[in-house]
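Spelled out, the chains give:
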Amino acid sequence: MAKYIHEIRDPIHNFIHLDSHEREVLDSRPFQRLRYIHQLGLTYLVYPGATHRRFEHSLGVMELAGRVYDIITNPINIIHDSVRNVVPPKDSYKHVYWRLVLRMAALCHDLGHLPFSHTAEKELLPEGWDHERLTLEIIRSDEMRSIWDDIKVNSEDVAKLAVGQNSYRDARFNDWEAILSEIITGNSFGVDRMDYLLRDSHHAGVAYGKFDHYRLIDTIRILPKEEDGSLEPVLGIEQGGLHSAEALLLARYFMFTQLYFHPVRRIYDIHLKDFLKEWLSSDYFHTTLKDYLKLTDNEILTELSRAARDESFRGHDPARRIVNREHFKLLYQRNPKDFEKNPDAANAIFEAVCEEYGEKKVRIDLYKQSNKGHEFPVLTDDGRIVPSLELSDTLKNVPIVAVDYVFIDHELREDAQIWKKQNLESIISLKEEDNS
Amino acid sequence: MKRLQRDAVILSLIENLKVNGSWCGETHIQKATYFIQELFRVPLGFEFVLYKHGPFSFDLSKELTAMQADRLLDVQLQPRPYGPSLVPGDSSDLIKRNFAVTVKKYHSQIAFVAEQFGDKKVSELERLSTALLVTREIEPDGSLESRAQCITRLKPHVKIDEAQEAVMAVDQIVEKSYNVKTT
Chain A
1 MAKYIHEIRD PIHNFIHLDS HEREVLDSRP FQRLRYIHQL GLTYLVYPGA THRRFEHSLG
61 VMELAGRVYD IITNPINIIH DSVRNVVPPK DSYKHVYWRL VLRMAALCHD LGHLPFSHTA
121 EKELLPEGWD HERLTLEIIR SDEMRSIWDD IKVNSEDVAK LAVGQNSYRD ARFNDWEAIL
181 SEIITGNSFG VDRMDYLLRD SHHAGVAYGK FDHYRLIDTI RILPKEEDGS LEPVLGIEQG
241 GLHSAEALLL ARYFMFTQLY FHPVRRIYDI HLKDFLKEWL SSDYFHTTLK DYLKLTDNEI
301 LTELSRAARD ESFRGHDPAR RIVNREHFKL LYQRNPKDFE KNPDAANAIF EAVCEEYGEK
361 KVRIDLYKQS NKGHEFPVLT DDGRIVPSLE LSDTLKNVPI VAVDYVFIDH ELREDAQIWK
421 KQNLESIISL KEEDNS
Chain B
437 MKRLQRDAVI LSLIENLKVN GSWCGETHIQ KATYFIQELF RVPLGFEFVL YKHGPFSFDL
497 SKELTAMQAD RLLDVQLQPR PYGPSLVPGD SSDLIKRNFA VTVKKYHSQI AFVAEQFGDK
557 KVSELERLST ALLVTREIEP DGSLESRAQC ITRLKPHVKI DEAQEAVMAV DQIVEKSYNV
617 KTT
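If you read the sequences in order, they're chains A and B.
For the first sequence, my numbering assigns the number 1 to the initial residue and increments by one for each residue that follows.
For the second sequence, my numbering assigns the number 437 to the initial residue and increments by one for each residue that follows.
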């Protein structure tokens, strides 16, 4: 097949370039499905502009992954011998092959997402399944295999980089593969995060997610992370990019606290999960690809709308709460005064409120950031490699995102607030274990 | 084990490692926790995978971050070549006090692991923990030589004599661990 370069306009990256092989993936049914999966679920009910889809995000991740690859494998950017051994020589077969694999993996990294990008996978998928496993299954499917065979790419290589070792725990990653998967899913400089912060910020109309990604990407390097006799090649940056790295991590903090964990967005997500649990006839989404790929937000929205109107429909109550905007209201949120007395204060309050008002009237939402990503090596202007925390007070002080919410039926909120005020101290006091 | 009980065990492990000479970077805590789970089956529930430098648990890494969010742990910078240390935070006493029963239950296992590994460098811990993983999961019946070769296959930066030394050391530690009295 003749190889052409295609261009797609994009609000974040201006143009996204892809070749004919990548176009084949883009044209595939699993990838086209992403046109109908909202990137931020029901967030558009709070931030009306946030109607963008996984489709354009995946293209953006591919674009950025290619840019990072070109920077970090450029011989003038490889300054340490231990790194030189890991990176394939520029323009070698391996160099070209892994660039293709990386961009394909970036393109495919979200293929397994549930409708509305829903994160309640434990409750909506059978045991042992999550969207990463579905992504792996899709990449290995017959439908996609014909593309991989055609372009002579090993599907397992794409699969490993697409989901990373955190999610593909059976696979063994060598140093090179670990670095490549870090380009996509890494905690410090993963392009998945870079793209979603920029894109979500743009569409939601909030400025918090913006940072100088051009400068940041230009300064990313593979550097040895030295620790007490151990050398580990990881993604780091040149000192000139340190402020951009700080801006990225601050952007993440603000986007999580202001947008992703906006309490109304979170309660809509919980009502949607409740609806899906009731609506799904087998309790879970089908994991056979034929059935799974048929389901998008479009099908769910139609059902949600029907259920909201019809009391006899499965999932009527949570559906009407979303459609009629009768969502539960915030009763309690995490605060330093309480979690210093009991780190599980929100859970204790949730259990007590359930006992007082009944489980059906109360919901809990707990989240803690899984990895800070603040520690990475920095190549200083005088050629030393120094831990980021040694150079940046900002990085040391970026808070960890932690959100605990307890919600209650809006009709009970006033009464529950009085009750909470009277009982809070006794509920959250931490009891000592007994010996029995 | 519930989350706060588990946190109490981790805090006790950190204190014991420190007493035994460790500077308590995340790698020390990762490897020591792996040994506690693997040698004594302490039910902490962390899943470990063979990562760049030996067994690593993404769940534990997440928990250590959560503990920082809850002020159970703090980060303290160390002079190079050491990385940042994790030290008990402002709220850690509360957890230790309230979950003293759990800590006491696993005290001898924690103390054993801290004594064996507290003074080890990160690179040694990587080799030892990989040796235990190979012995337990990949070549349970393998000779010293074949296990050492397996380590160098999995981790090409480890030299064969270092791998052999690690396998021998781990065999001795496993043997000693049988004498640890558990409650």
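Keep in mind that the hints are not guaranteed to be accurate.
[To be verified] Taking lysine to aspartate or glutamate pairs in the EDC-like style, the calculated list, with each CA pair at most 16 Å apart, reads:
no.: 1; chain 1: B; residue 1: Lys488; chain 2: A; residue 2: Glu232
no.: 2; chain 1: A; residue 1: Lys341; chain 2: B; residue 2: Asp529
no.: 3; chain 1: B; residue 1: Lys591; chain 2: A; residue 2: Glu143
FYI, nobody ran anything at the bench for these hints, they're computed from the structure.
Hint check results:
1. B/Lys488 - A/Glu232: Status holds; Cα separation ~8 Å.
2. A/Lys341 - B/Asp529: holds (11 Å)
3. B/Lys591 - A/Glu143: violated (35 Å)
Violation of the numbered hints given earlier is confined to hint 3; every other hint is satisfied by the structure.
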